[in-house]
Amino acid sequence: MGFRFGSAANVTAFQVPPANSAEFVLCTFAPVCLPVDSCAVFFSWSASITVGASITALVFRIRRGVDTTGAVIGAAPWTNAAVAGKIVLLMGCYFDVFFAAHSPYVLTMSQTGATAASTILAVSVAAYVL
Amino acid sequence: MGFRAASSYTNTQLNAISGGTTEIVLFTTAALAAAMDNAQVVLLWQVVITIGASTTSVSFQLRRGIDITGTSISAALWTVGVAAGATRVISGSDVDMPTVAEAQYSLTMQQNSGSTASTFVDGCLLSFVL
Chain A
1 MGFRFGSAAN
11 VTAFQVPPAN
21 SAEFVLCTFA
31 PVCLPVDSCA
41 VFFSWSASIT
51 VGASITALVF
61 RIRRGVDTTG
71 AVIGAAPWTN
81 AAVAGKIVLL
91 MGCYFDVFFA
101 AHSPYVLTMS
111 QTGATAASTI
121 LAVSVAAYVL
Chain B
1 MGFRAASSYT
11 NTQLNAISGG
21 TTEIVLFTTA
31 ALAAAMDNAQ
41 VVLLWQVVIT
51 IGASTTSVSF
61 QLRRGIDITG
71 TSISAALWTV
81 GVAAGATRVI
91 SGSDVDMPTV
101 AEAQYSLTMQ
111 QNSGSTASTF
121 VDGCLLSFVL
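Chains as they are written, first to last, in my numbering: chain A, 1 to 130; chain B, 1 to 130.
Simulated from the structure, these hints should not be mistaken for lab results. One should not assume that every hint holds.
To be verified - Which residues of chain A face chain B? A partial, calculated answer using Cβ under 8 Å:
hint, residue
1, A40
2, A76
3, G92
4, Y94
For each residue, glycine too, the CB sits at the ideal point set by N, CA and C.
Produce the entire structure from the sequences given, and follow the hints as far as they go.
What follows is the structure, encoded as structure tokens:
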């Protein structure tokens with residue numbers, strides 16, 4: 001008998017961007033059930049965004065947990081230079097090796113220099129174990 | 001009885017970005033044991049870099065093997081226009097059918113102009129068999 005490994009996907013924005021540079025949760029991953037403690041979780045993410053006024057960069061992170069306090073995966077935040085008023089389509093991938101039975105994650109975003117909120121046009125995240 | 005499809009992942013930067021137009025290897029995956037000779041290998045990558053002075057575009061390739069002499073699996077260079085000094089999130093994906101028992105891949109990068117090296121911030125290369 002075969003079996004499937006855990007996966008999670010979401011296309012619903014979790015929070016509306018604020019009109020400032022505070023980090024917020026853009027999208028959540030449901031907990032992925034890991035078959036073994038040492039297995040890697042792979043992530044894919046994408047977002048289409050109309051950049052708000054005064055913003056010079058959009059910064060993304062994937063964090064363990066359900067909010068902006070969890071450990072960041074990766075070596076550094078993922079910053080992309082942006083121009084206010086423009087629509088951008090950004091995407092990426094990463095992985096995590098997490099020694100826990102169930103591991104929720106969040107994709108977060110912050111808006112450098114924001115005086116007005118960006119508009120989220122679409123977002124998607126996927127997490128999967130192979 | 002089930003089985004796991006092979007996968008590999010890395011975020012270890014192997015070489016500093018060159019301050020000219022020299023192609024360098026950013027990441028190399030471990031060898032993947034494909035379940036069948038005609039199995040397809042899916043490759044995902046993400047790179048965050050701060051663009052060096054005078055650089056107007058950067059190009060990426062996925063190559064079989066561990067260096068810049070390996071066969072490129074793409075039909076052409078993946079080139080993106082950039083602005084010097086800006087930090088960018090750049091990502092991509094591709095699929096290969098290596099028809100060998102142990103498939104290993106490298107993500108390479110080159111600047112197409114500019115004598116100042118771009119600065120690597122973070123990134124990864126994922127490969128898996130489906």
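Point to revise | Numbers of the earlier hints that this structure fails to satisfy, in rising order | key: Those not satisfied: there are none.
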